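Going down the list, the sequences are from chains H and F.
Just so you know, we're using our numbering here: the first sequence kicks off at 1 and counts up by one.
Just so you know, we're using our numbering here: the second sequence kicks off at 1 and counts up by one.
Check before you lean on any hint, since a few could be wrong.
Note: identical chains are not told apart, hence a pair may lie in one copy or across any two.
Think about it this way: if two alpha-carbon atoms lie no more than 30 Å apart in a straight line, the pair counts; the simulated DSSO-like pairs of lysine-lysine are [to be verified]:
no., residue 1, residue 2
1, K267, K419
2, K287, K356
3, K439, K291
4, K439, K330
5, K330, K206
6, K348, K397
7, K439, K129
8, K361, K277
9, K99, K218
10, K419, K84
11, K277, K206
12, K218, K330
13, K206, K291
14, K104, K129
15, K206, K395
It should be emphasised that the hints constitute simulated quantities derived from the structure, not laboratory data.
Values in this document were obtained by computation on a predicted structure and should not be read as measured data.
There are 2 protein chains.
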Amino acid sequence: MKTRRDFIKTSALAGAAFSILPSGSVWSRSDNNKVRLGFIGVGARGQNHLEMALNREDVEVVALCDIQQRMIDMSLGIVANSGKPKPQIILDGPQGYKKLLDNKSIDAVIIATPWEWHARMCMDAMNAKKYVGCEVIVGMTVDECWEIVRTSEKTGMPLMMLENVCYRRDVMAVMNMVRQNIFGEMIHLQGGYQHDLREVKFNDGKHIYGHGAEFGEKGFSEAQWRTQHSVTRNGDLYPTHGIGPIAMMTNINRGNRFMRLTSYSTKARGLHEYIVKEGGENHPNAKINFKLGDVVTTMIQTANDETILLQHDTDLPRPYSLGFRVQGTKGIWMDVNRSIYIEGQSAKPHQWEDAKAWLDKYDHPLWKKYGSDAAGAGHGGMDWFVLNAFIESVKRKTAPPQDVYDAVTWSVITPLSEKSISQNGTSVEFPDFTNGKWKTRINQFALDDSY
Amino acid sequence: MKTRRDFIKTSALAGAAFSILPSGSVWSRSDNNKVRLGFIGVGARGQNHLEMALNREDVEVVALCDIQQRMIDMSLGIVANSGKPKPQIILDGPQGYKKLLDNKSIDAVIIATPWEWHARMCMDAMNAKKYVGCEVIVGMTVDECWEIVRTSEKTGMPLMMLENVCYRRDVMAVMNMVRQNIFGEMIHLQGGYQHDLREVKFNDGKHIYGHGAEFGEKGFSEAQWRTQHSVTRNGDLYPTHGIGPIAMMTNINRGNRFMRLTSYSTKARGLHEYIVKEGGENHPNAKINFKLGDVVTTMIQTANDETILLQHDTDLPRPYSLGFRVQGTKGIWMDVNRSIYIEGQSAKPHQWEDAKAWLDKYDHPLWKKYGSDAAGAGHGGMDWFVLNAFIESVKRKTAPPQDVYDAVTWSVITPLSEKSISQNGTSVEFPDFTNGKWKTRINQFALDDSY
Chain H
1 MKTRRDFIKT
11 SALAGAAFSI
21 LPSGSVWSRS
31 DNNKVRLGFI
41 GVGARGQNHL
51 EMALNREDVE
61 VVALCDIQQR
71 MIDMSLGIVA
81 NSGKPKPQII
91 LDGPQGYKKL
101 LDNKSIDAVI
111 IATPWEWHAR
121 MCMDAMNAKK
131 YVGCEVIVGM
141 TVDECWEIVR
151 TSEKTGMPLM
161 MLENVCYRRD
171 VMAVMNMVRQ
181 NIFGEMIHLQ
191 GGYQHDLREV
201 KFNDGKHIYG
211 HGAEFGEKGF
221 SEAQWRTQHS
231 VTRNGDLYPT
241 HGIGPIAMMT
251 NINRGNRFMR
261 LTSYSTKARG
271 LHEYIVKEGG
281 ENHPNAKINF
291 KLGDVVTTMI
301 QTANDETILL
311 QHDTDLPRPY
321 SLGFRVQGTK
331 GIWMDVNRSI
341 YIEGQSAKPH
351 QWEDAKAWLD
361 KYDHPLWKKY
371 GSDAAGAGHG
381 GMDWFVLNAF
391 IESVKRKTAP
401 PQDVYDAVTW
411 SVITPLSEKS
421 ISQNGTSVEF
431 PDFTNGKWKT
441 RINQFALDDS
451 Y
Chain F
1 MKTRRDFIKT
11 SALAGAAFSI
21 LPSGSVWSRS
31 DNNKVRLGFI
41 GVGARGQNHL
51 EMALNREDVE
61 VVALCDIQQR
71 MIDMSLGIVA
81 NSGKPKPQII
91 LDGPQGYKKL
101 LDNKSIDAVI
111 IATPWEWHAR
121 MCMDAMNAKK
131 YVGCEVIVGM
141 TVDECWEIVR
151 TSEKTGMPLM
161 MLENVCYRRD
171 VMAVMNMVRQ
181 NIFGEMIHLQ
191 GGYQHDLREV
201 KFNDGKHIYG
211 HGAEFGEKGF
221 SEAQWRTQHS
231 VTRNGDLYPT
241 HGIGPIAMMT
251 NINRGNRFMR
261 LTSYSTKARG
271 LHEYIVKEGG
281 ENHPNAKINF
291 KLGDVVTTMI
301 QTANDETILL
311 QHDTDLPRPY
321 SLGFRVQGTK
331 GIWMDVNRSI
341 YIEGQSAKPH
351 QWEDAKAWLD
361 KYDHPLWKKY
371 GSDAAGAGHG
381 GMDWFVLNAF
391 IESVKRKTAP
401 PQDVYDAVTW
411 SVITPLSEKS
421 ISQNGTSVEF
431 PDFTNGKWKT
441 RINQFALDDS
451 Y
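Pulled out of the complex, with its shape left as it was, chain H reads as follows (with noise of 0.2 Å):
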């Protein structure tokens, strides 16, 4: 395989590619050639991002920020553990942030706070220099993704949605058979989160999942705040693990682009009855009426004339599944039955054959380097690859391999699709938010095995 450097001589489009890097780009890199980082929310995911960067040789810790003593008590534990430097401490509620932005020092940061929060945060990191790494929806309105585009536009500050899906070691598997025609033309593919979220969406106030029926104020950790989403929306709430992958394979803004999309919504039922169940059908929550449908179906059309579905299912008990599925005009792959059929080369015909071997056969170059590594990172290691990305990507002062087009592109199918329901299932037309440079861009991400 090409090398990223190979691959960058090379490539006739090589200038249209480079269109997308920040121009004037200042941040400062630290003496001792670390990157110097910050975080922003060190609840639950914020402490696995700071564990996984803890452990990197090429990172230093330079601040911490959150708005709970106890989110920070944990992640001085992690750092102690470490046996690294104790961080800069901010813990001085909602607008502690801008503290740590304001330390020069510090050339990155880390967003891993409630949805809500990430837009504005990712906008003032931005302005102040740092490049940007936010966690999964990074603008929940069609119109903070058009100002965290021009955002970074205007800063020439790179902004990474840390979309770890897109390093799962079969989906990558998947994307290099991809690349290299195993399926032919792009057809149909599938994605989604279906995932029993009710024990993150309810807990007692102490525990982080489930043992009660609070949420709010009342709730801990991410039933804090992320199930009043599902009290006042209804869509695809959390389109990003679905979508990343897929609009990686197809090449969306590099040559494709997401046109229109379409969402249906079910009644709501599963979260009353978890409420139930756990509080009694006197617990005030018994009296919520949740918007949020317990299966939303959303379609989207491409540029390209591929269809893509994705499904979202956090509130009834099932088995945890993105529900992938990559079809081709010679084959096709899913995930929930752990198979794959490629014509003529599948044993028998109209039949499907386990997926493991393809899987084995084409694992992607940076797992092949990097598996060990991420051994006993989160998420089966995806995690570890997806903030290794980013902390490169930061190194080499370059756009990061999803970037801030992509970004906006995955996290606006929420109020997109939000649109739609509240409209009986009309289709929505999709913001182009690179302006037409979809059509030059050139797809780099995961190329080969350097990040």
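Go by the hints and put chain F onto chain H.
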């Protein structure tokens, strides 16, 4: 389990249930107490039904009608093998079926002709006071569907669309579970027709399947007529195998109904590539621009606020799968991974278990009783059950378990999906063919082991 008779006796809604029965039905019954059956169309599919009918002691095959000598000859071979008397043979062009309908001794007809003939043949048969069993897709346009309903209501003659998948063993077991509330309240269901039909759509004019790139006048069997629909139409051309079972599980036309749908379609690549592979780039058919997208996805919203996802995928290399998923507030079943999850009953939280034990436990009474009779019949035995239900309905002079309202409600998905796709994914309202009767009708499909 209650018998059907008990059910009717004890049900307060019995009167409402029978509002669907034809009034003033006058079809004859022969003296020997056998159903006197005529066949309109004895191609590959009609011959399947013919063979099963000849096997039954309660049926007398009175007449066969087709437009091709070859099909008549094949059918006479089947008759000869059965040892039953030779029926009247009508080989007299496309209008020849009217002579069969003129035969006053015939109680009921099986129609297994090209889709585009179904509506007029169904209506002519009902007007001739025949009980009608018609192969799937009874009307190709919204208007045709309405005409079929009105003809049935006017003549008092019942019509059953011979949708066999409603009788698939696993599907009936799952329906049994749905009715016993194992899945809780229905939330989201999926099904479809995902079947690589390239060898059905093209052949050499001699073989039924494959061996060439011909269709239309140069093709044979289904390729003579079915393929043309892929040239001129884009929609879910074959929805009934997926939607039939789902409609029964969600009581469509019996307390529930389809409200609206939206369809998305991909580009069309599969059929062209197949022609090039089989016939070369210079084959005349390689110039055809097929209108049917390779994968068509349809979402349906019901009055009870479930969503239904249907997929049509017939032009690409892929394993056969109807893609069923039945999901309620307590659990989920999928057929592609042969797995199930029922909260509190499956061994491990958040984990699939093999569905087999559940399917065995809830095996439908009809399969328990008739499984051995059905063994060897087409499509894993389900063909036996659908013909049996038709014949038993005729014998009992009752409405069939899948009636005329079901036939048109399932068939109309095709023209509605064509309309949605042609209008860039707009949502399209369903007609209410029951004219409000859906609110009070009750589900009588396969309530016990009678038929």
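Is it within, between, both, or neither for K287 and K356, if the alpha carbons may be no more than 30 Å apart?
Answer is neither; intra-copy 47 Å and inter-copy 39 Å both fail.
Within, between, both or neither, where K218 and K330 count as close if Cα-Cα is 30 Å or less:
between (53 Å within a copy, 27 Å between copies)
Alpha-carbon proximity context of K330 and K206, limit 30 Å:
between (51 Å within a copy, 27 Å between copies)
Measure nothing new, just compare the shortest in-copy and cross-copy C-alpha distances for K206 and K291 to 30 Å and report within, between, both or neither.
within (26 Å within a copy, 58 Å between copies)
Is it within a copy, between copies, both, or neither that the alpha carbon of K277 lies no farther than 30 Å from that of K206?
within (19 Å within a copy, 63 Å between copies)
Are the CA atoms of K206 and K395 at most 30 Å apart within a copy, between copies, both, or neither?
neither (39 Å within a copy, 66 Å between copies)
State whether the alpha carbon distance between K348 and K397 is at most 30 Å within one copy, between copies, both, or neither.
Answer is neither: 49 Å inside a copy and 47 Å across each miss the 30 Å cutoff.
Up to 30 Å between alpha-carbons, please classify K419 paired with K84: within, between, both or neither.
Classified as neither: same-chain Cα gap 47 Å, cross-chain 63 Å, threshold 30 Å.
Please sort K361 with K277 into within, between, both or neither, judging by C-alpha distance up to 30 Å.
Between copies, since 27 Å is at most 30 Å while 47 Å is not.
Could you figure out if K267 and K419 sit no more than 30 Å apart (CA to CA) within one copy, between two copies, both or neither?
both (17 Å within a copy, 26 Å between copies)
How do K439 and K291 come out at 30 Å by Cα distance, when the copy is not named: within, between, both, or neither?
between (38 Å within a copy, 26 Å between copies)
Please sort K104 with K129 into within, between, both or neither, judging by C-alpha distance up to 30 Å.
So K104 and K129 pass the 30 Å test inside one copy only (9 Å; across, 89 Å).
The structure fails to meet hints 2, 6, 10, 15 from the earlier list, while all remaining hints are met.
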